[in-house]
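The lines below spell out each chain.
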Amino acid sequence: MEFIKNLGELLQSRSDFFIELLLQHIVLSLIAIVIITVVGVTTGILISKSQKAASVVIGLTNVLYTIPSIAMFGFFVSITGIGNTTAIIALVIYGLLPVIRNTYVGLTEVDDQILEAAVGMGSTPWQLLSKIQFPLALPVIIAGIRNMVVMTIALAGIASFIGAGGLGVAIWRGITTNFDEMTVAGSLLVALLAFVADGLLGIIEKRLLRRTK
Amino acid sequence: MIEFHVVNQQYEAEKPIIKHLSLTIEKGEFVVLIGPSGCGKTTLLKMMNGLIKPDSGEIRIKGKELKEWDPITLKRNIGYVIQQVGLFPHLSIEKNIVYALDIQKVSETVKKERARELIQLVGLAEDYLAKYPNELSGGQKQRVGIARALAADPEIILMDEPLGAVDQINRAVLQDEIIRIYQTLNKTIVFVTHDIEEAIKLGTKIVVMNQGEIVEVGSRDAIVFHSKSHFADDFIGNKGFLSYLNIVKIEQVVCPFDGINGNVSEKDMVFWVTTADPLIVGIRMCLENGVNHIGVRNAAGQVVGAFDLGCLSRLKF
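Line by line, the protein sequences give chains A and B.
For the first sequence, the numbering used here gives the first residue as 830, with consecutive numbering after it.
For the second sequence, the numbering used here gives the first residue as 30, with consecutive numbering after it.
These aren't lab readings, by the way, just hints derived from the structure by calculation.
For glycine and all other residues, C-beta sits at the position ideal for the given N, C-alpha and C.
Just to be clear, a hint being listed does not mean it is correct.
[Stated by the list, open to error] Among chain A residues calculated to face chain B with C-beta under 7 Å, some are:
# : residue
1 : M950
2 : G951
3 : Q956
Based on the sequences and whatever the hints tell you, model everything.
Take a look at the structure:
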């Protein structure tokens, strides 16, 4: 009880500090999320035309995904130095897999009969993609994006190890100064942020799916 | 309208799908392609809208060589209905029906108007337009599938086993609908099926296929009674004959009372059929009741003559 009370007091007395870190965390994650979504969905669409390209690209992102995050951050520090840029690069590389994979799977698993009907009626390749394939793949793509968003927000917490801002700063400071309330406060806020983001995406998903199911 | 001249197609070198096939389909014909599975009937159909390209030979659609057609334009000029319907699950019935117009950038008002026209034509209420495919039964979906194929008012409509997944009762109803639509709109229809009854019922011209070749082409009468090939004989056989008796109406053979063997009169008739009954009903009634003659009335209930087995000789092939 004592701990929770201390935690509450800390969050209150240092609210400016935590809000700033929270905002940094949101901006950092958001930049990565936008880049991942654009690059991931585009790549997924491009590789959906060729199975060969798909297995190469998905295989590659799979390998990148298995590298521990600390190692990945460390590796990029040696190339791009410490700071936000490096953090964003690493986050993007991590987040690509679920988005590329889900976009690819969503697009290629659209029922053949539906595609045949659309092609047989004279759809151009672009119309087939934009009017049929993409809308039908959207639930799977959004599931991938949701997955990626939660992961990116969590991983951004580690980014402060390489000098990026965000709630990781609080966690890191808490650990190094043996200040448990600080560590827990930072962790809780990261979890809360991930939770809220996931909830928001869930609502968007539901709205979109109401029409497509 | 559609001409095939010595067309060949094969997926694998050793197994041709279509062998030296020639076929002419005239404007306004209802052509049924029938044969065992793997005979190439669907491949033949898909060559007509360019979904499958021939390896050699010449295909002309509306007088123009297939190669000269822009593949997208060709498909937009031809209606296409498939077995699993392939309705777009994320689009309302209205959007499904006008899809072919949508991809050709037709105005919203025209699309709305057309959707309403077509939903009525295929026998569904207007409020279905707002529904989604998953709210419809199999038969209703196929009605929408047919409406969708008609949206751009194509002269040619291709149907690939459209009723294959519809239950027996709905199938008969939909067959009647297709005949009605064919007769009202005066389209050229090419229809693939493996159901002999369906072929005999629908086709003005029936094409029997086997192993990538056409073994027989002809009218209903010719296919049932005068087939020249062993295969068609076996394949169509008594099943085709039964379907024939089920489809040809007594109207076509009814005799005047004095023109019948034994010279009977209206008073002698105990059993009656109508002109719209198929032959099989009349034949059955004779056999069931052990009578030689039965009376025939028209739809309005007026007496028009008699029917007996001798009348069948009035069928002209």
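Against the structure, the hints come out as follows:
| no. | hint | verdict |
| --- | --- | --- |
| 1 | M950 | holds, 5 Å |
| 2 | G951 | holds, 3 Å |
| 3 | Q956 | holds, 5 Å |
Going down the numbered hints, you'll see the structure goes against none, and every one checks out.
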